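Asker: These are the residues of each chain, in order.
Number of protein chains: 2
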Amino acid sequence: MSAVSGQQVSLALDANGGDHGIDVTLPAALEALSQEPELNITLVGVVDDIEDRVDFASHPRLKWVAAESVLAADAGPVAAIRKGAGSGTGWAIQMVADKAADACVSAGNTAALVALGVKRLGVLPGLRRPALMSDIPCEGGMTSVLDLGANLDVDARQLMQFAIMGVEARTLQGGPPPRVGLLNVGHEEGKGHAVVQEAHGLLRELPLNYVGFIEGHDIYAGKADVAVCDGFAGNLLLKSSEGLARMLFNELKDVFRHDFRSRCAGLLAKPALRSMLEQLDPGKHNGAPLLGLAGVVVKSHGSADATAMVHAIREAMREAQRQVPDRIKEAIQRYGAGEST
Amino acid sequence: MSAVSGQQVSLALDANGGDHGIDVTLPAALEALSQEPELNITLVGVVDDIEDRVDFASHPRLKWVAAESVLAADAGPVAAIRKGAGSGTGWAIQMVADKAADACVSAGNTAALVALGVKRLGVLPGLRRPALMSDIPCEGGMTSVLDLGANLDVDARQLMQFAIMGVEARTLQGGPPPRVGLLNVGHEEGKGHAVVQEAHGLLRELPLNYVGFIEGHDIYAGKADVAVCDGFAGNLLLKSSEGLARMLFNELKDVFRHDFRSRCAGLLAKPALRSMLEQLDPGKHNGAPLLGLAGVVVKSHGSADATAMVHAIREAMREAQRQVPDRIKEAIQRYGAGEST
Numbered sequence: 001m002s003a004v005s006g007q008q009v010s011l012a013l014d015a016n017g018g019d020h021g022i023d024v025t026l027p028a029a030l031e032a033l034s035q036e037p038e039l040n041i042t043l044v045g046v047v048d049d050i051e052d053r054v055d056f057a058s059h060p061r062l063k064w065v066a067a068e069s070v071l072a073a074d075a076g077p078v079a080a081i082r083k084g085a086g087s088g089t090g091w092a093i094q095m096v097a098d099k100a101a102d103a104c105v106s107a108g109n110t111a112a113l114v115a116l117g118v119k120r121l122g123v124l125p126g127l128r129r130p131a132l133m134s135d136i137p138c139e140g141g142m143t144s145v146l147d148l149g150a151n152l153d154v155d156a157r158q159l160m161q162f163a164i165m166g167v168e169a170r171t172l173q174g175g176p177p178p179r180v181g182l183l184n185v186g187h188e189e190g191k192g193h194a195v196v197q198e199a200h201g202l203l204r205e206l207p208l209n210y211v212g213f214i215e216g217h218d219i220y221a222g223k224a225d226v227a228v229c230d231g232f233a234g235n236l237l238l239k240s241s242e243g244l245a246r247m248l249f250n251e252l253k254d255v256f257r258h259d260f261r262s263r264c265a266g267l268l269a270k271p272a273l274r275s276m277l278e279q280l281d282p283g284k285h286n287g288a289p290l291l292g293l294a295g296v297v298v299k300s301h302g303s304a305d306a307t308a309m310v311h312a313i314r315e316a317m318r319e320a321q322r323q324v325p326d327r328i329k330e331a332i333q334r335y336g337a338g339e340s341t
Numbered sequence: 001m002s003a004v005s006g007q008q009v010s011l012a013l014d015a016n017g018g019d020h021g022i023d024v025t026l027p028a029a030l031e032a033l034s035q036e037p038e039l040n041i042t043l044v045g046v047v048d049d050i051e052d053r054v055d056f057a058s059h060p061r062l063k064w065v066a067a068e069s070v071l072a073a074d075a076g077p078v079a080a081i082r083k084g085a086g087s088g089t090g091w092a093i094q095m096v097a098d099k100a101a102d103a104c105v106s107a108g109n110t111a112a113l114v115a116l117g118v119k120r121l122g123v124l125p126g127l128r129r130p131a132l133m134s135d136i137p138c139e140g141g142m143t144s145v146l147d148l149g150a151n152l153d154v155d156a157r158q159l160m161q162f163a164i165m166g167v168e169a170r171t172l173q174g175g176p177p178p179r180v181g182l183l184n185v186g187h188e189e190g191k192g193h194a195v196v197q198e199a200h201g202l203l204r205e206l207p208l209n210y211v212g213f214i215e216g217h218d219i220y221a222g223k224a225d226v227a228v229c230d231g232f233a234g235n236l237l238l239k240s241s242e243g244l245a246r247m248l249f250n251e252l253k254d255v256f257r258h259d260f261r262s263r264c265a266g267l268l269a270k271p272a273l274r275s276m277l278e279q280l281d282p283g284k285h286n287g288a289p290l291l292g293l294a295g296v297v298v299k300s301h302g303s304a305d306a307t308a309m310v311h312a313i314r315e316a317m318r319e320a321q322r323q324v325p326d327r328i329k330e331a332i333q334r335y336g337a338g339e340s341t
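Which chain is which? The protein sequence lines are A and B, in order.
Residue numbers for the first sequence follow the numbering used here, so the first one is 1 and each next one is one higher.
Residue numbers for the second sequence follow the numbering used here, so the first one is 1 and each next one is one higher.
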């Protein structure tokens, strides 16, 4: 974790993870390397014909490490710990633990990634568990939401820790101090269950730009830069939003196939529509950092295409350059927000 | 609760509830009466100039009952119980309890409605709490989701009860036995926290058309007719979906204002687009039944316009005609799903 902005970053990329494996990870690696002159990538996985797929001699910043096994896409935490060490996912994380890489990216199973990350890298001092964060498009920008599924049951202290981690990760995007909102079923004091009530009290005491309770629609209205919730609610929120966006885009396509008049309209509007869809599709903003580990681990969507995977790789690179884990460690100590304090 | 399909239904409508009060409830009542010859409506609330607003002599199926007070929009359960009895919300529910009405509709505060409903009507035998259900548009139809905020902390037995209530309410829409899905963070066995795991076991034992775990995106893909979750997650899901839909529609409007070419496209596509937006906007499908009470109570969106309010009124009317509370009571007993069994 010695890299800073403008310096070289070496990144380990799980070659087999995700729905498309090497068919996406290799083109994404090559594209990311062409975009980022400071980047070095080590692909790690099991791909028998890797030498036929790419000429490493002509890509000096791309390396290959053969793993022993492929972790099943549905591997849970137990299987991940038992069998994951020799997989591309396990090796990529181990390279970060060994300081052989500054960051790693995997499109593998989230539960496996969390289990291996906790086991190999460890959780930062004072934290109980890592949290998964993702940026989702909103009016005027992006909202960073966490946790998205790494923690299904949380207590108030964990929600406070998520807020601190989210702020530290978000700060690397620049701008004024991020506004933090706590997701709840209403804005009013006294709303929500005991855990959010207690977290609300804790967050008000911290020197963060805390804007209080926010509701689901406030995320898309851009009322907060960092939105905090438990992983069960966050996961449903993210996946339902992706599903709704997909449905609306499909319906929109149907509208422009409806009749001759609509087909003409579709042709005329195509460039503007395409740019809107690119901007707003939550699935396009790929690369969810697993915050709270002693190293940079970024989770890619399993269905990511090469463009989306490049986005995740660049996210991991930026986090390594800004040393996000060190910042989180320092902030948790500074705010006395650790578990033992 | 003696009404059946094709018979008269008398409905109590909270005149003051919602953002617009009588400016929405009165036009909605008149429109619903013109659409539904079997419907009778009693408006209940505090409106000083009600006689100037409508000529009751020319609307024989519309009645007015003056309430004593208006319940604050932010009234919590405690305030609702203490001060709500004399409000339009409280009276409308009391009319159902007294069999003076077959159903009631309110756009007031959900927490107040739940508290007053539980206090005045009571919960059906074997149930612990009511649950709020809403239909949201999906590919090929609608998914009924519950709970949407009446129960922030639930146990497995409650989730099972939500499934049964949802099926009974959904069955009134006709068609094959509704497919029930349990919302979770993954499809695989073993995913999710202890409560959904246990509920999964309970639901598998019931003679329902249970399709197992579903994820957020499955709602919009139409993978289930009834989707069950706790009220905290359901509330975030619904409100974030509404927020996302609103943002996308706004962006779409901007696309068609972008330049001359896009404006032409917008004019051409307008009819097809409008019909799509009407169909898909989750906010348009207004009328969330509060299931599990010994009487029909339907919650309208606070921001509902008259068209949306008519939708809620017709939902309440159908539930009264199909005697949904009696069906739920019977189903909970038949499945041995009550609290005391």
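It should be emphasised that the hints constitute simulated quantities derived from the structure, not laboratory data.
It cannot be assumed that every hint is accurate.
If chains are identical, the list can't say which one is meant, so a pair holds when it fits in one copy or spans any two.
With a Cα cut of at most 16 Å, we get these calculated EDC-like pairs of lysine to aspartate or glutamate [what the hints assert, rightly or not]:
| no. | residue 1 | residue 2 |
| --- | --- | --- |
| 1 | 119 | 68 |
| 2 | 119 | 330 |
| 3 | 191 | 74 |
| 4 | 223 | 139 |
| 5 | 63 | 51 |
| 6 | 253 | 198 |
| 7 | 253 | 74 |
| 8 | 191 | 153 |
| 9 | 253 | 139 |
| 10 | 63 | 38 |
| 11 | 270 | 254 |
| 12 | 119 | 98 |
| 13 | 253 | 339 |
| 14 | 253 | 23 |
| 15 | 270 | 52 |
Treat the numbers as computed from the prediction; the structure is a model and nothing was measured.
Asker: Indicate, hint by hint, whether the structure satisfies it.
Answerer: Here is what the structure says about each hint:
In this homomeric assembly, residue 119 and residue 68 never come within 16 Å of each other (Cα to Cα): the closest approach is 19 Å inside a single copy and 64 Å across copies. Taking the shortest Cα distances, residue 119 and residue 330 never come within 16 Å of each other, neither inside one copy (21 Å) nor across copies (51 Å). Taking the shortest Cα distances, residue 191 and residue 74 sit within 16 Å of each other only across copies (10 Å), while inside one copy they are farther apart (37 Å). Proximity of residue 223 to residue 139 under the C-alpha cut-off of 16 Å is restricted to the intra-copy arrangement: shortest distance 9 Å within a copy versus 30 Å between copies.
When the C-alpha separation of residue 63 and residue 51 is checked against a cutoff of 16 Å, the pair qualifies only within one copy, where the shortest distance is 11 Å, while the shortest distance between copies is 82 Å. Taking the closest pair of Cα atoms, residue 253 and residue 198 never come within 16 Å of each other, the shortest separation being 46 Å inside a single copy and 41 Å across copies. Taking the shortest alpha-carbon separations for residue 253 and residue 74, neither the intra-copy value of 33 Å nor the inter-copy value of 41 Å comes in at or below 16 Å. Taking identical chains as interchangeable, the C-alpha atoms of residue 191 and residue 153 lie at most 16 Å apart only when they sit on different chains, with a minimum of 13 Å there against 19 Å within one chain.
Taking the shortest Cα distances, residue 253 and residue 139 sit within 16 Å of each other only across copies (14 Å), while inside one copy they are farther apart (23 Å). In the homo-oligomer, the alpha carbons of residue 63 and residue 38 lie at most 16 Å apart inside one protomer (15 Å), although the nearest pairing across protomers, at 75 Å, exceeds that limit. With identical chains, the CA atoms of residue 270 and residue 254 are at most 16 Å apart both within one copy (13 Å) and between copies (14 Å). For a Cα distance limit of 16 Å, the shortest separation of residue 119 from residue 98 inside one copy, 13 Å, qualifies, whereas the shortest one across copies, 62 Å, does not.
With identical chains, the CA atoms of residue 253 and residue 339 are never at most 16 Å apart, being 50 Å at best within one copy and 48 Å at best between copies. Proximity of residue 253 and residue 23 under a CA criterion of 16 Å is satisfied in neither setting, with 28 Å inside one chain copy and 37 Å between copies. Taking CA atoms no more than 16 Å apart as the test, residue 270 paired with residue 52 passes in neither setting, with 39 Å inside one copy and 52 Å between copies.
The structure shown violates the earlier hints numbered 1, 2, 6, 7, 13, 14, 15.
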